[in-house]
Amino acid sequence: AQSVTQPDIHITVSEGASLELRCNYSYGATPYLFWYVQSPGQGLQLLLKYFSGDTLVQGIKGFEAEFKRSQSSFNLRKPSVHWSDAAEYFCAVGARAGGSQGNLIFGKGTKLSVKP
Amino acid sequence: ETGVTQTPRHLVMGMTNKKSLKCEQHLGHNAMYWYKQSAKKPLELMFVYSLEERVENNSVPSRFSPECPNSSHLFLHLHTLQPEDSALYLCASSQLRTSGGADTQYFGPGTRLTVL
Numbered sequence: 001a002q003s004v005t006q007p008d009i010h011i012t013v014s015e016g017a018s019l020e021l022r023c024n025y026s027y028g029a030t031p032y033l034f035w036y037v038q039s040p041g042q043g044l045q046l047l048l049k050y051f052s053g054d055t056l057v058q059g060i061k062g063f064e065a066e067f068k069r070s071q072s073s074f075n076l077r078k079p080s081v082h083w084s085d086a087a088e089y090f091c092a093v094g095a096r097a098g099g100s101q102g103n104l105i106f107g108k109g110t111k112l113s114v115k116p
Numbered sequence: 001e002t003g004v005t006q007t008p009r010h011l012v013m014g015m016t017n018k019k020s021l022k023c024e025q026h027l028g029h030n031a032m033y034w035y036k037q038s039a040k041k042p043l044e045l046m047f048v049y050s051l052e053e054r055v056e057n058n059s060v061p062s063r064f065s066p067e068c069p070n071s072s073h074l075f076l077h078l079h080t081l082q083p084e085d086s087a088l089y090l091c092a093s094s095q096l097r098t099s100g101g102a103d104t105q106y107f108g109p110g111t112r113l114t115v116l
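Which chain is which? The protein sequence lines are L and F, in order. Take the first sequence: its position 105, counting from 1, is numbered 105 in my numbering, and each next residue is one higher. Take the second sequence: its position 57, counting from 1, is numbered 57 in my numbering, and each next residue is one higher.
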């Protein structure tokens, strides 16, 4: 079955420290890959996406993610976390073709807290 | 207005009320989605509309009734809801690829629904 796993429910990092959020997927073929961020009471905002090409993808707010086909992973990273990065982060996958109607499969999310 | 807008942002209703949630997308997309997000469950896809046709209904109770009068507007009509229906309801839109594959979904800010 198709699925997305974000193994960390909650992560706390100190401001200025580096961050890595994990995402693993189970899919029939290499899917399109996405990271979204959600601030409390808000909708989801796209951080970055991978469709093809360079497996290291740059996004907004200084985030990047690396697609590793051999590990079925798409981990999100940031070298130095800011207090404003505190939010919930969702990894998602979508089919490259077929009658999926554009559906995305979302992970359960990782909540990030930032210590001053 | 740009992006995806949702009204109202907050709604409190009794179990016998009838209300509607509205979503409007200003992106020229051809697919729209309703999601439910509650504290205890991950993001749940409720309905998908592609080219104004409902193409997916994920076993959603009949007390939720979607309507898509045109490609820019999506409604969720609510009646005789239960307290467990209290959640954040998110609308999203995307542009379906000719291959049928996924593309970025753009989310509205959501409607926080409380059922008393």
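Take these hints with a grain of salt, some might be off.
[Said to hold, decoys possible] Part of the chain L face toward chain F, derived, beta carbon under 8 Å:
| # | residue |
| --- | --- |
| 1 | GLY41 |
| 2 | ARG69 |
| 3 | GLY94 |
These are computed hints drawn from the structure, not numbers from a lab. By construction, the Cβ of each residue, glycine as well, lies at the ideal position given by its N, Cα and C atoms.
Taking the hints in turn, this is what the structure says about them:
1. Below 8 Å, beta-carbon pairs count as interface contacts, and GLY41(L) has one with chain F at about 7 Å; its hint therefore holds.
2. The interface hint given for ARG69(L) is broken, as the beta carbon of that residue sits about 18 Å from the closest beta carbon of chain F, more than 8 Å.
3. Hint status for GLY94(L) relative to chain F: holds, with the closest Cβ pair at about 3 Å, below 8 Å.
Against the hints set out earlier in the document, a violation occurs for number 2 only.
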